[in-house]
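Chemist: Take a look at the letters that make up each chain.
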Amino acid sequence: MHYDTREEAATIFNHDGTKPIYMQIAEWLETEILNDHFKSDEKVYSQYQLAEMFTINPATAAKGLNLLADEKILYKKRGLGMFVTANAREAILMKRKSGTLKHLIQELVLEASRLQVSEGELIEMIKAARNEEGKE
Amino acid sequence: MNAIECTSLTKTYLRKKVLNEISFTIEENKIIGLIGRNGVGKTTLLKVIAGFIKETSGELKVFGNHPFNNLHASVNTIFVDDQMSFPPALQLHELLEAAQAFYPNWDMELAQRLFNYFGFEPKHYHNTLSKGRTSTFNMIVGLSSRCPLTIFDEPTTGMDEAVRHDFYRALLKDYIAHPRTIVISSHHLNEVEDLLEDVLLLKNGKVKLHMPISELKEWAVGLKGSSALVRQWAEGREMIYQQYIGQDTMLAVVRNDFTDEEIQRVRRDQIEVLPVRASDLCVYLTNDTKGGIDDVFSDR
Chain G
1 MHYDTREEAA TIFNHDGTKP IYMQIAEWLE TEILNDHFKS DEKVYSQYQL
51 AEMFTINPAT AAKGLNLLAD EKILYKKRGL GMFVTANARE AILMKRKSGT
101 LKHLIQELVL EASRLQVSEG ELIEMIKAAR NEEGKE
Chain D
1001 MNAIECTSLT KTYLRKKVLN EISFTIEENK IIGLIGRNGV GKTTLLKVIA
1051 GFIKETSGEL KVFGNHPFNN LHASVNTIFV DDQMSFPPAL QLHELLEAAQ
1101 AFYPNWDMEL AQRLFNYFGF EPKHYHNTLS KGRTSTFNMI VGLSSRCPLT
1151 IFDEPTTGMD EAVRHDFYRA LLKDYIAHPR TIVISSHHLN EVEDLLEDVL
1201 LLKNGKVKLH MPISELKEWA VGLKGSSALV RQWAEGREMI YQQYIGQDTM
1251 LAVVRNDFTD EEIQRVRRDQ IEVLPVRASD LCVYLTNDTK GGIDDVFSDR
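Going down the list, the protein sequences come from chains G and D. Position one of the first sequence corresponds to residue 1 (my numbering), numbered consecutively onward. Position one of the second sequence corresponds to residue 1001 (my numbering), numbered consecutively onward.
Pulled out of the complex, with its shape left as it was, chain G reads as follows (with noise of 0.2 Å):
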């Protein structure tokens, strides 16, 4: 039988070049940790357990965990494997608040610029959307 892996893969991994793929290893295991698919303490997804998932070679799969350890969302046993850190969740929220909202952020000023509307202008346009939000 014919089962491609490699198609189920795609539909997670972009290959059009926006990340490497050991970013996107990396958001994907955030997300997997997001989704309490793995709690505090439990043992990730190895190398070779990546790699054959997503048909990567095994460094870069490596590389992607060892993101994650440098973020302290995961540590490191030695001999056993990666783990989840008590505190990941909060990592990970706190990561995509500082990285996401922020890059909106700069979007939003800078095509505000484009538009030349002023900045009293913007502060009462994301009042007026605050607002907008808070009858729902």
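Calculated from the structure, these hints are not laboratory results. Wrong hints could be hidden among the right ones.
Reference excerpt, derived from the structure (chain D facing chain G, CB under 10 Å, subset only) [claimed, not checked]: (1) H1165; (2) K1173; (3) R1267.
Quick caveat, the model's predicted, so the values are computed rather than measured. For each residue, glycine too, the CB sits at the ideal point set by N, CA and C.
Using the hints, position chain D against chain G.
Modeler: Chain D only, in chain G's frame:
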């Protein structure tokens, strides 16, 4: 330990230097991609490494031995391409048995399983196989030999897409179970890039780049915006590719030595900052002109 050590390696054909004083080192148990344009010397380099042909000058060591005319090299190395020669009098199953007798790490169970999976007939002959089937059979021999140095030169020639993906997966699974040094040359970098650890890029008989594939993705960056501003940001940086679009839009691919702060300023100049695919970057790097095919048609 290093699998391949190569110092000032030169190979001359009819006074033309196909390989011009190449030096590089490949560590053991890595999957390396050998990338380059047609006729750049990929096959020549691989054949020198496999001990099929002798270098003109320079030094080459494969697992510490000079590979040419060396039994140690030939038993530890397999060179797979679509022109592997097999005795025409032997049937396919006899070819597998002959290979088993020669390669000490040969795994007959793996060979049989792959043979059956891809639907080969034991009593057929190698010289009657189609182009794609030849590549598939040769790939089975290449994987099952489990040679410490396994060289695939354009292994997917003629294979259809399903077989190519099966091959990539089989290669990776067997590599995980039995790590060894694997060198793959391919025109389809975007297909094999996820399998690779390092990339070796050849241009004009020289090594243009040798680095981990993950670094290659961040090595260059594309800037797209008004030409004056893009040119301003590109100044002083290595220009890898440039293209003009419409009235006043320019795409420049440059070495990525921007700091985060500079990237912010580039964006504020209303320039799009684009990632560059590894396969595109390799095409840009191996072009002789900065504008590619468009240069042929411009200024006429």
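Chemist: Would you mind marking each hint as holding or not holding in the structure?
Modeler: Hints, one by one, checked against the model:
1. Against a cut-off of 10 Å between C-beta atoms, the interface hint on D:H1165 holds, since the closest Cβ of chain G lies about 5 Å away.
2. Satisfaction of the interface hint for D:K1173 is found here, the shortest Cβ-Cβ separation to chain G being roughly 6 Å, below the 10 Å cut-off.
3. A hinted interface residue such as D:R1267 counts as satisfied when its beta carbon comes closer than 10 Å to some beta carbon of chain G; here the least separation is about 6 Å, so the hint holds.
Going down the numbered hints, you'll see the structure goes against none, and every one checks out.
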